[in-house]
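Colleague: What follows is the residue order along each chain.
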Amino acid sequence: MPKITRDQVRVPVDVMPESRDEYIENYMKATQGTGRLMLFACDQKVEHLNKDFYGKGIDIADADPQHLFEIGKQGVVGVLAGQRGLIAQYAADYPEINYLVKMNSKTNLVDTDQEDPYSPQLYDLEAVLAMREAGVNIVGLGYTIYLGSEYEATMMAEAGNLIAQAHANGLLVVLWIYPRGTAVKKEKDPDLIAGAAGVALCLGADFVKVNPPKPEGDDARTPFEALKIASMAAGRTGLVCAGGSTVDAHTFLDQLYNQIHVGGACGNATGRNIHQRSLDEAVRLTKAISAITLADYDVDHAMKVFNGEEDFTLAMI
Amino acid sequence: MPKITRDQVRVPVDVMPESRDEYIENYMKATQGTGRLMLFACDQKVEHLNKDFYGKGIDIADADPQHLFEIGKQGVVGVLAGQRGLIAQYAADYPEINYLVKMNSKTNLVDTDQEDPYSPQLYDLEAVLAMREAGVNIVGLGYTIYLGSEYEATMMAEAGNLIAQAHANGLLVVLWIYPRGTAVKKEKDPDLIAGAAGVALCLGADFVKVNPPKPEGDDARTPFEALKIASMAAGRTGLVCAGGSTVDAHTFLDQLYNQIHVGGACGNATGRNIHQRSLDEAVRLTKAISAITLADYDVDHAMKVFNGEEDFTLAMI
Amino acid sequence: MPKITRDQVRVPVDVMPESRDEYIENYMKATQGTGRLMLFACDQKVEHLNKDFYGKGIDIADADPQHLFEIGKQGVVGVLAGQRGLIAQYAADYPEINYLVKMNSKTNLVDTDQEDPYSPQLYDLEAVLAMREAGVNIVGLGYTIYLGSEYEATMMAEAGNLIAQAHANGLLVVLWIYPRGTAVKKEKDPDLIAGAAGVALCLGADFVKVNPPKPEGDDARTPFEALKIASMAAGRTGLVCAGGSTVDAHTFLDQLYNQIHVGGACGNATGRNIHQRSLDEAVRLTKAISAITLADYDVDHAMKVFNGEEDFTLAMI
Amino acid sequence: MPKITRDQVRVPVDVMPESRDEYIENYMKATQGTGRLMLFACDQKVEHLNKDFYGKGIDIADADPQHLFEIGKQGVVGVLAGQRGLIAQYAADYPEINYLVKMNSKTNLVDTDQEDPYSPQLYDLEAVLAMREAGVNIVGLGYTIYLGSEYEATMMAEAGNLIAQAHANGLLVVLWIYPRGTAVKKEKDPDLIAGAAGVALCLGADFVKVNPPKPEGDDARTPFEALKIASMAAGRTGLVCAGGSTVDAHTFLDQLYNQIHVGGACGNATGRNIHQRSLDEAVRLTKAISAITLADYDVDHAMKVFNGEEDFTLAMI
Amino acid sequence: MPKITRDQVRVPVDVMPESRDEYIENYMKATQGTGRLMLFACDQKVEHLNKDFYGKGIDIADADPQHLFEIGKQGVVGVLAGQRGLIAQYAADYPEINYLVKMNSKTNLVDTDQEDPYSPQLYDLEAVLAMREAGVNIVGLGYTIYLGSEYEATMMAEAGNLIAQAHANGLLVVLWIYPRGTAVKKEKDPDLIAGAAGVALCLGADFVKVNPPKPEGDDARTPFEALKIASMAAGRTGLVCAGGSTVDAHTFLDQLYNQIHVGGACGNATGRNIHQRSLDEAVRLTKAISAITLADYDVDHAMKVFNGEEDFTLAMI
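Residue numbers (the working numbering), protein chains in the order written: chain U, 1 to 317; chain H, 318 to 634; chain F, 635 to 951; chain Z, 952 to 1268; chain Y, 1269 to 1585.
List of simulated lysine to aspartate or glutamate pairs, EDC-like, C-alpha gap at most 16 Å:
hint, chain 1, residue 1, chain 2, residue 2
1, F, K848, F, D825
2, Z, K1057, Y, E1418
3, U, K56, H, D535
4, H, K621, H, D565
5, U, K51, H, D506
6, F, K685, Z, D1142
7, Z, K1057, Z, D1003
8, Y, K1324, U, D191
9, Y, K1453, Z, D1062
10, U, K56, H, D508
11, H, K505, H, D536
12, U, K106, H, E467
13, Z, K1007, Y, D1487
14, F, K938, F, D888
15, Y, K1319, U, D189
16, F, K819, H, D428
17, Y, K1319, Y, D1332
18, H, K390, H, D410
19, Z, K1007, Y, D1459
20, Z, K1007, Y, D1486
21, Z, K1136, F, D745
22, Y, K1453, Y, E1418
23, H, K502, U, D111
These are computed hints drawn from the structure, not numbers from a lab.
Excised from the complex, chain U in its bound form (with noise of 0.2 Å):
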């Protein structure tokens, strides 16, 4: 069991002082005490717009944005990552839920063939520290970089700066780094993804989310041996894997299993596969997958959780 305790937490120099027990209050919340993080993500409305929560293959229930919420709710989440105007707009009947705020974000409509990627911080961190010193239950931020698109510049010079202050703040932050754009020819390229994860600890993220990378050609390392070298190079910067498009349970398990026990991964961050679901059937997937990042459940064991054979709580870890 991947269980810590506060003063296991590593807390980076750039935490302030005063802010310290703060820092170390939100590392133990978001990993639920663990030093692994179960990530909900739940920002694809501006990312994917509404085809991730309506249409064939979806569940009704997601077309209205507060399955997300009872999700986060009912189910066994570290924390759940959206917009500041989502939160803001149901926090107050969901107070018990970890928030991390995605502090930028960009619709699909304009794709890379047509002008490089760019999404931009939405708000300022002002914003979000009034919000928590109002009682809501911030713990950290997310931020995406598409690395290698010609605005690379501006997302890395965001983020930096956002980490700086976060950190002064006691907020965690994860980076989302998906490289894209006209340079990049091969977006899972595994020496790429490396690359991204390293950039994310010069960065000085704490979290950092990835795709998980694809070995072709004469690379016949498997996914999770070629994410090993990615979790490496991400040094003391946890490293997560996008969960992707919806797919069976038992896949995504195992999976996840082997990202964080062949590739290193720090946990896992998970979306379309979660919300996508009923709300009975998304939350015993929420469970099942930290029944693996937080508690070291295998996956046989994890899809009894899935198929409510048994339970898991936060008690359990």
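Starting from the structure of chain U, add chains H, F, Z and Y where the hints point.
Modeller: Chains H, F, Z and Y alone, transformed into the frame defined by chain U:
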């Protein structure tokens, strides 16, 4: 009748505690105590220059901008939306109107073929807050985002910051969101309109103004059924439809009724359909619209109001 | 005679209470107590470089910039409009002139074929306020917007902010609005000029300087009739016409008379027509212009002033 | 002899009252009590990289940047103009020199065919004021504008703000204005040079450095006659000419004499012609130049100074 | 032995009096009391992504970022240069290392053919000062300028401001200056390298890192002779050469010796040559390098250190 009480107002958590009462007050004013929005759009003097105010089929009264304020005073509206300067020049003589300051605007001279649309924020929020401080009855802000424009990022960021600051200061925010730009092939595609609604929620808007969706091809839904999905996607952000160019009153009111009662819309946003008429007719139309939006009249009943057979006043809500 | 009293000045609500007296004072100064504006445009040394000041048909006196200030001193003008630096270098010797600080300017070197026009704000308002604080007789600001330029957004935003801040500090604002850019086929199209006037109102300007509209094709209106629609569109923003290149005095004065009495203009904005003449002739022309603008003289009467047969002084308003 | 007294210094009204004495002091220092400017230009290490300092025809002494400061110390100059950092590294050892901090600079690597020139402001004024506060003998600022560049707007705005702030703080400003860019066919066209001079005045500069005009075709004027019109256009802004590449001393001094006595120039701005010589020769040339600029020597007399037959010191002004 | 005392440190005049002691302290630390700089470059995880840290010919130890800090701790280095975030994550465990915070960085994904290089400032200086205030041993800043890039202006301005602020606060600044971009045909042209050195001086840097010049064609000078001119052009800014890709130790040390003793270099800046080796070998190489840079060892003597036949410690300087 869609009446609400002050404690039924759902206050977002980014409204700072000291501004909570002001937000509720503004929400009750803007919705005339109903939770529904009757928005009188008076921002076209920039958006469409003088073509909406003078020419064939437009009452000559509309050539003088004071016409807008007379309608706002004599009619029944929730908020009059206009640029800061326009309001500044007339509000002293029309202190009773609820003003919504439109924070950005662009002309229609440069079309999308030449350059993707960008509508710049025209003044700092501080200037608007100072006017409110000086006694002007400002209840909220408006901002337009052209989703899918190459300048989407700038508008998303301006809107994102404005909403945070507006809420912190107790003001409402209405977003106008129109998908437009090289990347947007069908501006009224139902999925896209629903996406726009979700973006408004993620940014934390109180209301979003969209164009009515237009199902095409295989999509057998009525526009109002399609609108319902968008209303769901908007979650706690109230959705209202743009009124578009002038049509006959019955058609207009019938559409509005269906938008609300089938499409789940939370009111209306109407400009040209109102102000291009003579003062008397325009005033009667605001009353007929409000009868539907704010008092759940049916269309025949509202037509009686439009035809002057019955009056409709705020006292009747 | 268009005389007004201090309490007839319509003060916009964005003039902060503590600046109300100053605004009224500046309005009375700039309009010489009439509500009409006689603006002496001296900003062409940037806009047109030295071609307006030296060469064939231009009196040699105009080669020395002090000429402008001598005209301002000896003639009858409402405000002398020039860049901040120009005013800073001469105002100590010409303290009685009412100055309008032109906040932006560009040269004519890069033409519209090469790039759409952008005229940048050249200094912060703080610098202008400091000069006023130090005793310089500054009554207002000027700013040029090229409507329809690809840089329209930047100029609209700079103007929008300047007006808010200027009013808050008791200063008047005159906008110069010229439709220009790749998207603008007919810069003097009457609808477009009326649109420009409406934009000035929406931004909250006190006066707007436009080119006289030029009806073409099917449009059988005189320029002055067309101007009347623009004046209406401007609402409470006073409209004045640019003077254009130098013509004979009678033609000039006749046009001005019709602009005011048929077209609803609220004064004049004249540069080259004045300063390209010898000091004596230029002084007499300012008096003839002011006789029409500020004292409702007819053209023949004003010509007597221009010809030196009669004097016209401020005391005669 | 062009001597002036402190109360003959014409102080612009944007010099704040509390900085008036400092401005006068700086003006007297920079002009050595004459109202004329002898500017030693030492900013080419960025503008021309090392080609102006090392190579054929250049004394090896010039390879070491300290050479510039030795000339400044041993010679007779009004101000030594260089970038902030250059001054910061040497001023402790050369405290007696009057420094003019060049606020912007660019290299010559990207030529106009590739991109129109933009020379960025390299540091905030605050940094310069702090150095002055710490005791460095800074009397003014310099800034280069490429008029007609597509980046003209940015440079105009940076210069406009700098002048306002510099004057407010008692510093002089010298503008370098060079018409350059795709739109500029003849950089030394007399009308254009005169236009540049007028722009400097409108921005409020104390001095402007331009290239000597070059009349062509039908224009039968001598360069110095053409320069006279530019000097007039500059009004109360003193005009000085750039020295250009190295020529023999007599030619150089003869040109300077005519620039002042025919062309109305108010001094000189000389770089390469001075520092590419050995220390001894460079020192003598500064003295010969100053003899003309600051003491109205004729050319023959100045040549005696250059040849070492006579000395010229500040005490002789 | 190049030892200096505290009062031999030449403090630039932009170091504010209250920061003078701190600057001297930092200068003595960074140069280990010698005036020479041994810089261990650890910023490549962004610049070169993971390719410099994992792959053929690279010791596997280099895959874990902690390797860099172990070398910094066990070896002999002047400063360890890395991004703010990297330092923030490890400095608590490596408090004795002198840190130089690299303020900007870019990846190598977008190449110069696609777009001229721009490396953005990734965080405000305030964040770095706060870390120092909290006890992190930060002695200076680094910043990269791509001279000749179309983005040269932005980098020059960021660097110019950083140096002013860093000095004011007692920090050293090292500039990395690489001519690169469409306009640059030969990145290692001796004149260009000398020009780069001069630019660093004009911006006020304490040290400049350049690539070694490469004389070609008619230029019969050795690289070290050519370097001498660059060192002269740098004036009081100390020049160090980039180490480049990994070569055998003798070659490397021989080059370094000549850079210092023939080329006038003021130290070294070495990254890959050090960290791509095993910890033990890397540590020995830092000692051999430092023996040359900080203690004027000859190459044979330094090779003994590299080979482990002799130790070299700070105490031996």
